[in-house]
Amino acid sequence: MGANITIVGGGSYHWAPRLLADFANTPSLTDAHVVLHDLDDERMHRMQELGEQIASRRGIALKVESQGDRRRALEGADFVVTAFSVGGFDSMQHDIEIPQRFGIRQPIGDSVGPGGIMRALRSVPVLLDIARDVDAVAPDAWLINVTNPLTALCRSVTRETNVKTVGLCNEWVGCSWILSLLFDSGMADIDPILGGVNHYPLATSLRVAGEDDGFVRLHALLNDPERAAVEPIWMDPPERAGWVKVSPAEHWTKLDVIENNRVRFELFRRFGVLVGSGDHHSVEFMPSFVHTDNDYGSGWRVHHYGMPGHRRDAEDDVAFYEEMRDASDVTRMPSGELVALLLDGMVGGKEQQLPVNLPNEGNVTNLDDGAVVEIMGVADASGVRGRDKTTVPGIMGEFLRRINVVQEWTVEAAIAGDRELVLEAMLADPIAAQLPYEKIIAMTDEMLAATARWLPEFDA
Amino acid sequence: MGPRIVIVGGGSYQWVPKLLVDVVNTPSLAEAEIVLHDIDPVPLEPVADFVRHIAGLKGIGLTVSTTTDRQVALAGADYVVVTISTGGFESMRHDLEIPEKHGIKQSVGDSVGPGGIMRALRNIPVLVGIARDMETLCPDAWMLNITNPMTTLCRSVTHETSIRTVGLCHEIGGAQFALALLLDANFLDLEFELVGVNHLPFFTSLRVNGDDGFERLRALIADPDGLGDAPVKIPAALGEAAAAFAGGIRKRDILEQHRVKLALFERYGVLPGAGDRHLVEFFPGFLTAESGWGKRWGVALTTIADREGDAGAYKAELAKMRASNEVSTMPSGEMVAPMIDSFLRDKPRAFPLNLPNTGQAPDLPADVVVEAMCIADGNGLRPRDEVRLPAPLAEWLRRISAAQEATVAAALSGDRAKVVDAMLLDPLAGRIDFDHVEQMTDEMLAATAQWLPQFA
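Chains as they are written, first to last, in my numbering: chain A, 1 to 460; chain P, 1 to 456.
Only chain A is shown next, with the shape it has when bound in the complex (with noise of 0.2 Å):
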């Protein structure tokens, strides 16, 4: 009997055709039985009929349903995935344009700052509402939350519900695969000790195929560019990334990894931590990267996604899902998600590893317990487990323990819907705080009415 994983937000473009392909190229699920619920109906049964080609071109036992009725859709459920997004690009292009006016450029804007604040004001009272219903009707279930912002999603449902709850992104897996690029081995080989917050997970130590010296290596690499220069990379960098080519040498070398990351090997030369997401993210942790004095990051190669980033994406993943549609076979390539990964270990019972979202448990010295952090964890047929206890050293762990303040509040104001503490929010976000105290007010009072038909909890 496989395992029931239903997936709220089932008829995203984005996931479902993801999160299909893995699961049919996973021995362990395989004959796994997949509901999928969305809002969008169409969208709903154009995935079930996806998941069900997947099923009959590998001849697998894998089961699709659609149900419109949430609750129904969970009732029986082993795991729910949580994919949404509330307001779609109608209320995300809000939390980008409107702090631009006021002269705060956020790359993506899905984490921290004005976006990721009013992001989590509209999605954890829909999180909230799927997690009841997950305790009314599947008590026993995972929640496995991969919407964003995920540390404050995750927090949300933790601090309100009994529901076992999990986040997952798949960040940290592009850090593996840039230092596999740095340190010529396999993403597999890149063990590391992380403690941080999604989209701020911060590496204390590494270890690199089973050797502890990671750090040590990586700091011979960034203080020989010479070296860097021509030293090869085992893999080109796909198109979409983005980079610059900046080495003279006619292949893609190590320095051109270094330079097209460059706040992250900054951060990691000055203060021994090194971040495990894009600089996109990161700067929005550490925004004195994106500057109107610096022309929001350029010299540093801040990627701003802005709104145009995020259509793209959203147009690439129709694309994606349009090949998967008219293929004849079914991708082997795994998408770099990590959720069949984590349902690998807790169905199939064998000991899995991987970056997880789960409450502090003493694992980040740094942080209040029950505290959402981002660390390595153990999944296997007994759950899911944060693996380490790891402290982050100097000025990267307060800005850690401020970003996480903000975090709190954040999910306190979504729960409460008082404007002040989204105010106190904003005033305490370092992206925010980059605006005079009365500008705050004013961009906060704005961000509020231009998406208040998305925040019902908030009505006067």
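Just so you know, these hints were derived from the structure itself, not from any lab.
Fair warning: there could be bad hints in the mix.
What the hints assert, rightly or not - From chain A, some residues computed to sit far from chain P (all C-beta separations above 10 Å):
(1) Gln100
(2) Ala228
(3) Val246
(4) Glu315
(5) Asp369
As the list claims (entries may be wrong) - In silico DSS-like pairs for lysine-lysine, Cα to Cα no more than 30 Å straight-line:
(6) P:Lys315 - A:Lys439
(7) P:Lys101 - P:Lys295
(8) A:Lys439 - A:Lys389
(9) P:Lys315 - P:Lys105
(10) P:Lys58 - P:Lys315
(11) A:Lys389 - P:Lys418
(12) P:Lys295 - P:Lys233
(13) P:Lys295 - A:Lys439
(14) A:Lys350 - A:Lys164
(15) A:Lys350 - A:Lys63
(16) P:Lys58 - P:Lys320
(17) P:Lys105 - A:Lys439
Note that beta-carbon positions come from the ideal geometry of N, C-alpha and C, so glycine has one too.
Fit chain P to the known structure of chain A by using the hints.
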């Protein structure tokens, strides 16, 4: 035989005259042995001459001596008052001018922000050096520090030495005076609790003759027009000079001078206890180009020229007082003399003081130096209250405190990278972009290198 009170920086025209007027007006200190120590011999004699003059007018046995030798001064001291400025205006100029080039204008530059950090780097080694001398020459003496930046300076001494250290600042007294005028109350009838760090203390409660002072303050703020041109009433006890000085000041003027403080009070329900020009350096959202660098909030930037003007005025004031055959009986508002009096006579008094956190500020880590109400008596000093702040301010204080701890670490280590750390953590210095933080730091270190031997 009275206590031996050593003043390091004893040539200070700003501090020594008023502190010593207080001393000669304090009977328990009539026989005190005053030692003025300064590295600059020039002002020592005129200042000592003034002290002899007022002691003579009082007809007391107080003695005064001067020395440029610190060890001679400290030997056998009971109290060591520290009022120094390493590099004076010459160094301070760089604290203001270099950040300005990088987009940061500071209203004072003496507590936090790039100026406060650099001033700490200059003064901390000197202060720790004094305390180390004290460990051998007068290990039981109290260090009474009135030098800025007070929090980081006191913290460096308590971190590095066994010397008992307290920081004394008159900002709370100033706020108390403004409140008394606004609420038609006697200065001494205000009862309050407070907590914070120096130049960022918060009154968390206020009683005035049994009334809730915050309620009365809220009523005033709610209807400033209702105040009309009502003038403040100056308590008769303050004498004619004060009446002449404050005559014609309207309550509305006082509200206008405290707009940042009152904005924070309205938001958080607790009242900052330092002048607005200090507050904005801790809350840099008020100190931005858009607000005319605080102008819109009624904050003026204190310049080096202002300070030079003040210095001239202190000198002129001393000459005037020297020429007079009367000693003012008006307390200066500084706490040095009454605090020592409380020690000597076991007379309990409450003062706002800067001491290591032993529980008076549960929102902050243990051992960091915090400002809170303390009791002075024959047993020394102890915090009086345990005071919590509203969550947003508690977090803001933690951020400030983290930057101050980094500042102390930088000053003690002489490590340039640690200075950058402190700048990045500081809300005001860390407001500019990453590269500018580093450039600004390097320029400031270079420009003031002669006063920073630990970075050589």
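Status of each hint after checking the structure:
Separation of Gln100 (chain A) from chain P is adequate, the least Cβ-Cβ distance of about 16 Å exceeding the 10 Å criterion. Non-interface call for Ala228 (chain A) relative to chain P: holds, since the shortest CB-CB distance, roughly 22 Å, exceeds 10 Å. In this structure Val246 (chain A) is separated from chain P by more than 10 Å, as the shortest Cβ-Cβ distance comes to about 18 Å. Every Cβ of chain P is farther than 10 Å from the Cβ of Glu315 (chain A); the closest lies at roughly 33 Å, confirming the non-interface assignment.
Every beta carbon of chain P lies more than 10 Å from that of Asp369 (chain A), the smallest distance being close to 18 Å; the non-interface claim holds. The hinted pair formed by Lys315 (chain P) and Lys439 (chain A) fails the criterion: a straight-line CA distance of about 44 Å is larger than 30 Å. A threshold of 30 Å between alpha carbons decides the hint, and for Lys101 (chain P) with Lys295 (chain P) the separation of about 19 Å falls inside it, so the pair holds. The suggested pairing of Lys439 (chain A) with Lys389 (chain A) is violated, with an alpha-carbon distance near 40 Å, which exceeds 30 Å.
For the hint pairing Lys315 (chain P) with Lys105 (chain P), the CA-to-CA distance comes to about 29 Å; that is within 30 Å, so the pair holds. Note on Lys58 (chain P) and Lys315 (chain P): the hinted pairing holds, with a Cα-Cα distance of about 22 Å set against a maximum of 30 Å. Annotation: proposed proximity of Lys389 (chain A) to Lys418 (chain P) holds, straight-line Cα distance about 26 Å (limit 30 Å). In summary, the hint linking Lys295 (chain P) to Lys233 (chain P) is supported, as the alpha carbons are separated by about 28 Å, within the 30 Å threshold.
Between Lys295 (chain P) and Lys439 (chain A) the CA atoms are separated by roughly 16 Å; this keeps the pair inside 30 Å, and the hint holds. A distance of roughly 20 Å separates the Cα atoms of Lys350 (chain A) and Lys164 (chain A); the hinted pair therefore holds under the 30 Å criterion. For a cut-off of 30 Å, the pair hint linking Lys350 (chain A) to Lys63 (chain A) stands: about 23 Å separates their Cα positions. Between Lys58 (chain P) and Lys320 (chain P) the alpha-carbon distance is near 17 Å, which keeps this suggested pair within the 30 Å criterion.
With a C-alpha separation of about 19 Å, the suggested pair Lys105 (chain P) and Lys439 (chain A) falls inside the 30 Å cut-off, and the hint holds.
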